[in-house]
Amino acid sequence: MKKIVLKIGGMTCASCASVIEYGLRKEKGITSASVNIASEKAYLDFDDQKITEKDIEKTIKDLGYRVVKDEMENGARGLRNRFWLSLVLGLPIIFTMIPGLMGLPKYIQAILSALVILVCFDIWKSGFKKLVKLAPNMDSLIFIGTAVAFFYSLSQLFLGRAKGYPVYFESAVFILIFISLGKYLEAVTKGKTSAAIKSLMGLQPKVATIIKNGRELEVLISEVQVGDVILVKPGQKIPVDGIVVDGYSGVDEKAITGESIPVEKKKGDEIIGATINKTGVLKFKATRIGKDTMLSQIIKIVEDAMGSKAPIQLLADKVSFYFVPAVIVIALASGLVWFLAVHQLAMALTVFVAVLIIACPCALGLATPTAVMMGAGLAAKSGILIKSSKALEVAKDVNMVVFDKTGTLTKGEPIVTDVMPINSNFKFQISNLIQIAASVEKNSEHPLAQAIVNKAKEKNLAPSEVEGFQAIPGKGVIGKIQISNFKFQNILLGTRKLMKDNKISVDAIEEKMAALENQGKTAMVLAISGKVVGIIAVADVLKENSKQAVDMLHKMGKSVAIITGDNKRVGEAIAKQLGVDRVLAEVLPQGKSDEIKKLQAEGKIVAMVGDGINDAPALAQANLGIALGSGTDVAMETGEIVLIKDDLRDVVKAIDLSRYTLNKIKQNLFWAFFYNIIGIPIAAGVFFPLTGWLLSPSIAAGAMAFSSVSVVLNSLSMKFHGV
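Heads up: the sequence shown begins at -6 in our numbering, then just goes up one per residue.
By construction, these hints were calculated from the structure, which means they are not laboratory data. Hints may contain errors.
[Unchecked claim] Calculated cross-link-like contacts (lysine to aspartate or glutamate; reagent style EDC-like; alpha-carbon spacing at most 16 Å):
1) Lys561 x Glu504
2) Lys19 x Asp38
3) Lys62 x Glu50
4) Lys54 x Glu14
5) Lys638 x Glu263
6) Lys490 x Glu503
7) Lys51 x Glu14
8) Lys278 x Asp390
9) Lys19 x Asp40
10) Lys(-5) x Asp40
11) Lys569 x Asp544
12) Lys659 x Glu386
13) Lys259 x Asp245
14) Lys21 x Asp48
15) Lys473 x Glu458
16) Lys276 x Asp239
17) Lys(-5) x Asp48
18) Lys(-5) x Glu46
19) Lys0 x Asp38
20) Lys468 x Glu579
21) Lys561 x Asp544
22) Lys638 x Glu257
23) Lys540 x Glu565
24) Lys468 x Glu451
25) Lys569 x Glu504
26) Lys659 x Asp285
27) Lys404 x Glu537
28) Lys54 x Glu20
29) Lys43 x Glu20
30) Lys205 x Asp221
31) Lys493 x Glu579
32) Lys247 x Glu257
33) Lys226 x Glu257
34) Lys47 x Glu20
35) Lys276 x Glu257
36) Lys278 x Asp262
37) Lys199 x Asp239
38) Lys490 x Glu460
39) Lys271 x Glu257
40) Lys435 x Glu458
Whenever a hint applies, use it, and build me the whole structure from the sequences.
Structure below.
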């Protein structure tokens, strides 16, 4: 399966996007197609064994559109020139409409109108082609309306009846001028909604200084290789991701993580490309280049989010697909009704053209994607990556937030707090217990294991070789080691469950373990040859902002739960410190998703917050998965929202921003539907029997242009939201 993103040219409204999506989805081998009218891109998943990229491009061409190869192609300048030229040519006709000014001969109006049509001929060409292909779009409405107005007026002129009958040259001109202005403003404002992604792309420096054979060489960023040692001086941008090998400095990571305070960096620390070295000189080894850098991953995630569609947009897409054909039918029916009612062709034409022009689905198509683009961009600036539009819609309904404990609420850097020898056939000192425990734990990646290994290093105790090592997820480890020429069989270190599974009784030490667990410590049992020889207690420190994040969620009306592999005592001790509502304890990694299912069965809309691979099933099961970014590997997370910073308050910020973005989408959709619901009946002449007033096609064109621009401007106002 292959994924591609294509820039599409020739789209003018939401119905265009719907037509392309529908046409592509019919092709064999294309599994999904999503077209974003705001970014003018198609996002495709397809089987390259069944269909090629050339076939896809041909399908798009056959639908009446084109694939734009040059991403730098900018239509805004051409649209601006078209507007100004059409305005200059149309001004004389516009001036003749002002009372008191000398009228312009009708044949001069016809010539100027024809010139304006030639300037805007792309609209006519596009509208006619889509009409012939039975896939009419906004341009089709404009083409029909202006063509009818122009050719009717031209016929009156040729028949010599122009003096006694009204002509509509000014309507055709007005409509094309307003449409040109609207398209230009729309292109400019649409471009601004993607400013966040463009600013991210502009963060990466163009060159890097690498050290080779003791010499400093300046090379293009594309020439940097993994393993190169790179020099960064104060004030310079860090070109790629890497690990510091020499030096000490403060690095401004605000552009990537949103963190305003520079982060201290020393030997062994990871640094992120596109961040700024503030004070000292750093030398680092490049570990990730090109598309693998954190910046590239962020850009891809944000682009994918901008290309995805929220469930709320499905309604708009469905309406847009049928909207233009429906409008043509309504316009014809309205014109026919008035012609039959008053027997005036001029009035019937006015109604027909006004309905066609005012009922443009552009605003409808721009409502969701422009808000999503702004929301995703705002979030990225704060170190929050929203990976799909679906997340924006789900977040508002979340009523329970479940936190993984270790590494999420806690720092994930536990330390050994207690080592208790237990009387048995084996006589061990504390140092013996630590050495044995470190020996069996040295091959484990669990944070608790690392704490024991670190304790052994601290006491200069060298671990022994292990045979038959086995890690039992959520329970502990098993292995065989040899100390002082005595081979111990079946060394076990872990939970009560591990002991019970191996028929080792812990009744004699239960009171001691309970006392440790009531302090929020994780107590592990060490057993040798079926006998308990000691207890090792490990405690993990809560993150500084964990309590504040829980308090903020409570203020938002959300319930908060902890899910942990620890026993209930440890979980409740942590929950008490944080003020958490519910504890899900003694849950194995593979059981976390089942616990989420149980909560969902209770009617909870669950957001799961986890710190990585172990939590992947639970993140996927939750209604909303929120993953803490792991180093620079942000794209590997399962969650639909990724928090780059290790700050749980960003969970609150992500939910708040998602809710805000969705509110903007709803506002946009309201105005888009409102314009059409109100505009079409007015254009159809519902007020004429009461007031004698008909909506001018020229005013209809202005209202239509304003509707699209106002929706985009409403989305742009999001940049003033305090994230």
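To see whether the hints hold, each was checked on the structure:
This hinted pair checks out: Lys561 and Glu504 have alpha carbons roughly 15 Å apart, not beyond 16 Å. With a C-alpha separation of about 13 Å, the suggested pair Lys19 and Asp38 falls inside the 16 Å cut-off, and the hint holds. Distance check on the hinted pair: Lys62 and Glu50 sit about 11 Å apart at the alpha-carbon level, within 16 Å; holds. Distance check on the hinted pair: Lys54 and Glu14 sit about 13 Å apart at the alpha-carbon level, within 16 Å; holds.
Our distance criterion of 16 Å between C-alpha atoms is met by Lys638 and Glu263, whose separation comes to about 14 Å. This hinted pair checks out: Lys490 and Glu503 have alpha carbons roughly 13 Å apart, not beyond 16 Å. Our distance criterion of 16 Å between C-alpha atoms is met by Lys51 and Glu14, whose separation comes to about 14 Å. A distance of roughly 45 Å separates the Cα atoms of Lys278 and Asp390; the hinted pair therefore is violated under the 16 Å criterion.
Between Lys19 and Asp40 the CA atoms are separated by roughly 14 Å; this keeps the pair inside 16 Å, and the hint holds. For the proposed pair Lys(-5) and Asp40, the alpha carbon gap of about 6 Å is at most 16 Å, so the pair holds. Distance hint between Lys569 and Asp544 is fulfilled; the C-alpha atoms sit about 13 Å from each other, no more than 16 Å. Under the criterion of a C-alpha separation no larger than 16 Å, the hint pairing Lys659 with Glu386 is consistent with the structure, at around 11 Å.
Distance hint between Lys259 and Asp245 is fulfilled; the C-alpha atoms sit about 14 Å from each other, no more than 16 Å. For the proposed pair Lys21 and Asp48, the alpha carbon gap of about 10 Å is at most 16 Å, so the pair holds. Distance restraint check for Lys473 and Glu458: the Cα-Cα separation of roughly 8 Å lies within the 16 Å cut-off, and the hinted pair is therefore satisfied. Taken as a hint, the Lys276 and Asp239 pair is honoured in the structure, with Cα atoms around 5 Å apart against an allowance of 16 Å.
A hinted pair counts as satisfied when its Cα atoms are at most 16 Å apart, and Lys(-5) with Asp48 qualifies at roughly 14 Å. Distance hint between Lys(-5) and Glu46 is fulfilled; the C-alpha atoms sit about 10 Å from each other, no more than 16 Å. Between Lys0 and Asp38 the alpha-carbon distance is near 15 Å, which keeps this suggested pair within the 16 Å criterion. Proximity of Lys468 to Glu579 is assessed by CA-CA distance (about 9 Å); at most 16 Å being required, the pair is judged to hold.
Restraint check for Lys561 and Asp544: not satisfied, since their Cα atoms lie roughly 22 Å apart, outside the 16 Å limit. Note on Lys638 and Glu257: the hinted pairing holds, with a Cα-Cα distance of about 15 Å set against a maximum of 16 Å. The suggested pairing of Lys540 with Glu565 holds, with an alpha-carbon distance near 14 Å, which does not exceed 16 Å. With a C-alpha separation of about 26 Å, the suggested pairing of Lys468 with Glu451 is violated against the 16 Å cut-off.
About 21 Å separates the Cα atoms of Lys569 and Glu504, which puts this hinted pair outside 16 Å; it is violated. For the proposed pair Lys659 and Asp285, the alpha carbon gap of about 36 Å is over 16 Å, so the pair is violated. A C-alpha spacing of about 9 Å is found between Lys404 and Glu537, which places the hinted pair at or below 16 Å, so the restraint holds. Distance hint between Lys54 and Glu20 is fulfilled; the C-alpha atoms sit about 14 Å from each other, no more than 16 Å.
About 10 Å separates the Cα atoms of Lys43 and Glu20, which keeps this hinted pair within 16 Å; it holds. For the given pair, Lys205 sits about 8 Å from Asp221 by alpha-carbon distance, which is consistent with the 16 Å threshold. Proposed proximity of Lys493 and Glu579 is supported: the alpha carbons are some 14 Å apart, at most 16 Å. The straight-line distance between the Cα atoms of Lys247 and Glu257 is roughly 13 Å, inside the 16 Å bound, and the hint therefore holds.
The hinted pair formed by Lys226 and Glu257 meets the criterion: a straight-line CA distance of about 15 Å does not exceed 16 Å. The straight-line distance between the Cα atoms of Lys47 and Glu20 is roughly 13 Å, inside the 16 Å bound, and the hint therefore holds. Under the criterion of a C-alpha separation no larger than 16 Å, the hint pairing Lys276 with Glu257 is consistent with the structure, at around 14 Å. Between the alpha carbons of Lys278 and Asp262 the distance comes to roughly 11 Å, so the proposed pair stays at or under 16 Å and holds.
Using a Cα cut-off of 16 Å, the hinted pair Lys199 and Asp239 is violated, with the two alpha carbons roughly 23 Å apart. Annotation: proposed proximity of Lys490 to Glu460 is violated, straight-line Cα distance about 22 Å (limit 16 Å). Restraint check for Lys271 and Glu257: the C-alpha separation of about 10 Å stays at or below 16 Å, so the hint holds. A threshold of 16 Å between alpha carbons decides the hint, and for Lys435 with Glu458 the separation of about 10 Å falls inside it, so the pair holds.
In this structure, the earlier hints numbered 8, 21, 24, 25, 26, 37, 38 are contradicted, and the remaining ones agree with it.
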